[in-house]
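In case you want the letters, here they are:
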Amino acid sequence: MGKVFSFGAASDHAARVDAVFLMILVIGVFFFFLTQGLLVYFAVKYRRRRPDRDNETPQITGNHVLEIFWVLIPSIVVVAIFYYGWRVYTDQRIPAAGATEVHVNARQWLYEIKYPDGRTAINEIRVPAGKPVKFILSASDVIHGFYLPDFRVKMDMIPGRVTTLWVQPDRPGSYQIFCTVYCGTGHSNMLARLIVMPQGEYAEWVEHGGREGGEREPLAVRGERILTGAGCLNCHAVDGKEKIGPNLRGLYGSKVPLEGGTIVTGDEEYLRESIVDPGAKVVKGFPNVMPTYKTTLSDEDIEAMVAYMKTLK
Amino acid sequence: MAEESGGGKGYLAERGWRSWAYTMDHKRIGVMYLYTTIAFFFIGGVFALLLRLELLSPQAKYFGNHTYNVFFTLHGAMMIFLFIIPAIPSGLGNFFIPLHIGARDVAFPRINLASYWVFVAGFLVVIGSLVSPMDTGWTFYTPYSAKTGAAVATLSFGIFLIGMSSILTGLNFIVTIHKLRAPGMTWHRLPLFIWGMYATSIIQVVATPVVGVTFLLLAMERLLGVAFFDPAKGGDPVLFQHFFWFYSHPVVYVMILPAMGIISEVIPVFSRKPIFGYKAIAYSSLAIAFLGFLVWGHHMFTSAMSPLANTIFSFMTFFVAVPTAVKVFNWIATLYKGSITFESPMLYALTFIFLFAVGGLTGPFLGALATDVQLHDTYFVVAHFHYTMMGGTVMGFFAGLHYWFPKMTGKMLNERIARVAWALVFIGFNVTFFTMFIAGVRGMPRRYAEYLPRFHVENVISTVGSAILAVGIVVMFWNFIQGLRKGLPAPGNPWRALSLEWQTPSLPITENFLEIPVVTDWPYGYGKPKGPDA
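Residue numbers (the numbering used here), protein chains in the order written: chain A, 3 to 315; chain B, 77 to 610.
Extracted from the complex, chain B is given alone in its bound form:
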């Protein structure tokens, strides 16, 4: 494989909008997904900053309560459906799954392109719903969502389309991973990113149709008056919550498992050590995907389910903690006796472990029945899921962006600026969200446009933190833009990694490999061979 073509044209050689709009190259589709999802990350982030601005004072000051409710709904809906769910799977996953397994493309390139355009149709409909913007929260709880004057049916149709795109992508990846592995790439030689993506794809295919149908029922209720959820006509509003969380709980694993996969790639490379407990990490992804389907009720401990159902859901919930803890232990054990360097991908990977540990260890407060009844729907929950989703998934995404930036763009990043951005993100994140745990324990309910003066201090600190965090993210993306424009040409394998994508030139060529590689070993053979008994 040609090392010398570093910084060459590779897959970006063709120019013009047609070369993007009609492309069937998984790398280009991945890049289009990345640009799109990152754009929504910024829009969702602006909504978050507006929320923090309003919360500087206990009384509504800059805009009214309804506007606040619209902003938190759009922040949640955009971050979840247009950024976190698609960013890693459809963006980085599209780009790197075929490269990782030694394939020329995904199994169904046309479906892959279709999934992107269905996604575009979806977000256009979502934007169309802004004529009468949503104020229901990203959870769409009935009967409120059935009664409000906002464009609920339009937004849910947009998310229906986005879900369809998600199903197409998941299906494509499952088939790709089963059928297109290079000769010698056995299941136990797969990079752990692929295991994470595989588990995620299964959840996408199995769970997404449920939320699609749920939104159809909601639209029928609003447009045709069929009362599935309206108690006045014999419906059940809590049924909606069951349907919604049957999808939306497993989907948090759609968000986190690929990020965990990225961490499992980055840690060994920068520790120069084989990953510790490969099989445990691989199978724990599948265990999490499976157990994730059995715990949705823990979002509804105060929704008048029977105490017995609550008990069962609480018990099951705790068992998701075990495979998750195993992964954390394995990553830390990988560091033991390594030769560790701290380039930006590694900084974000270690930050993932740190923040995710906080998110993970605050989970039992919400899984245990007595404390959940206290903390449910308070800022404690907001803090908890931001530590897992932003401290976890988004940090994993940042680790992946920094790690694969040379491969995707053919350019190197300015490492010093990347570290400054990291420090700002780390400090800003903790100041913003740790404070929310305290507000939550002190009883502040979530989704409050106005709050009692006793919570003022926490909210001011949190808003200051969000400003630091925002500056960090702007610096990071400014660095990406500078890297794209005038970064030094990247060599094929700047991190001296062993997985297949790094054995291609940066940029990789269309169809990835001149000759399909024959795999003879797993991708984590760093360090000194053990000796005769190895």
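Chain A extracted, bound-state conformation:
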């Protein structure tokens, strides 16, 4: 039923958000006309006609059945709305497998785009249609926003950490990107576009165009170079064995047991945090002896290392 109500929705998810929107709208309009209809009806019907008979209004002070009824009905309605809002949201937060990855870093007042193969761009993201796209978001100075109105999604871009967002663009086209977190004088001019290309055209663009970045060392290759050079392999193995620290192969996407019993998912943010602040989440069985690399490695280096670790499957 999603398709029926799609107001220019650019993805299935967007159509599902529109369906939730419509459901809340129908419920809202119903209750609005119910309550305000009664308000207007009572105001007209019981307007004062005989001032001398003011004191003959019935002394109604309440009605328990009615009151319990109108506590229960809204309670049920709001739980239903909560449920549908939550369902659609949750489905959207779990990234689809095999997504094309695009790194987006925001600074006052532009978006820096970086593709895994090293190409770069400003304020323009190109992706193939029909395949899920995962945006890996970061910010250099203040908090920014990444809002794709046609896809009905947004995510804040926060300095010092990595956030993610994914969409599945079905139709080729050019879609608006807005910054939604106030970031200073140029906030309203911080615009970008997501260009969804037919797959053939995209392949051709990757082959012949898209060289504006100059440097084309793929991110993961650069990551491997840095990881080796920074001495990480002295303590961490990449072949599945355990050395002083936990093994890195297969770490990305796995469930990591921590000291104290909690289990976290080894996502981009976990990997990044473990490099800059190794003591924050200590893996069970590996007392923390690792120094922080916060000052020795740049954000770009760490980003590349994480990209490399993701290839160690």
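Rather than coming from a laboratory, the hints here were simulated on the basis of the structure. Keep in mind that this is a model prediction, so the values were computed, not measured. You can take every hint at face value.
Partial list, derived from the structure: chain B residues whose beta carbon lies under 8 Å from chain A:
(1) Asn145
(2) Tyr220
(3) Ser379
We put the beta carbon where it would ideally sit given N, CA and C, even for glycine.
Position chain B relative to chain A; hints supplied.
Frame of chain A; chain B shown alone:
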């Protein structure tokens, strides 16, 4: 109690600036708060009109982007901290709490006066910050607020002082309501305005220190370089948002609960009917105050909280809707079989219900996760909170001003002009803000000095509406001034209301009552007694 002294000197008898600056009369302190907060309402309103002017065209035309950002920051900060939060509690609350409960004054008159002067110190510091005016939005989000060249530390110190004044007032009211009720004034005979004020005061005392500390941390970050929120030095910028909303979400109930109290007073008087479901309205105020502390995360669904935290906050948020809906149902049920007249206080009270219903029913779009992720930080949010804060709180404030004008000034208002003003306000408000829902759904982000041409039509309509709204408000206040200058003398009880303040003369005397009244019934006994089984 003397009816004949209508239009007499009452509490205004003393003259000279000393009689105001050193007064410990809660009524005079309330009046000083009212004048001060209304002045900031007008200044904040001028900023709003300048914003609407700039938004007439998609490109910046009259002033630059930075100036626009300063204006929306000052509009928000002044309206919130210097008008909506203090206007009803510190203004009308100060004036009417002791009169409502049959007391001679608040429990601590000296603290009451101190709270006003701390408030003055606060707004002077706020005005001082204009040397390098703020451009962070009223939300002060870090790291931007830690980096900008504006006088963030000065403004936050001003708001710190205003928060202190707010705490003093809240504390004073809690003690007053507990300890100074007249003989026979049991909890279930209290006017519902008092229940609203009581719930509000609790929030003020519990939540305000948090924002005070938050602003201190921000000032330390700016002045001493202690990086609580700076990620480059190990701080967490999102932590600031948690601190900020832990105060700033409950504070929306500081704004709305007293207004709801006013509506609960006005509706029965002009319907000649007892309030429907007294206990439900009274306890729902406390329920809202309590639940309001558990939902701050719904301002941060896109701030990279875990999906589980988002889920919990979304679920809790929906339960604030229930006690709010109950109040609306009860007010409408009060009208049933009444004998209703439509003087200006009643018009504003009904307008409150109407506009607040729109504000309330657009809340679930923002409480539900899927739709909030779409609508967060768009004009939909701007429309939603103006419908609740201006359509709700400010309409409640206007209802209160019209309702209590005879009591506070000893003069009657020109009812015909009041109705013209009401019609302009009602039309202007809806034209201005309903259009913003549409702009928001179509994807227009908030806090944009310049926007894409596709949003042009909405913005022009909105600006036209704001002009109508402004004319309505000017007419309303012109009517107040005319009423003050040459209004007919007000009788003690022009609305034939049963609550205690109307049993005093207009103007009430210093210390309110010659003899403390003995209360034998609740204040809503309108209409015909039910008969033997009553």
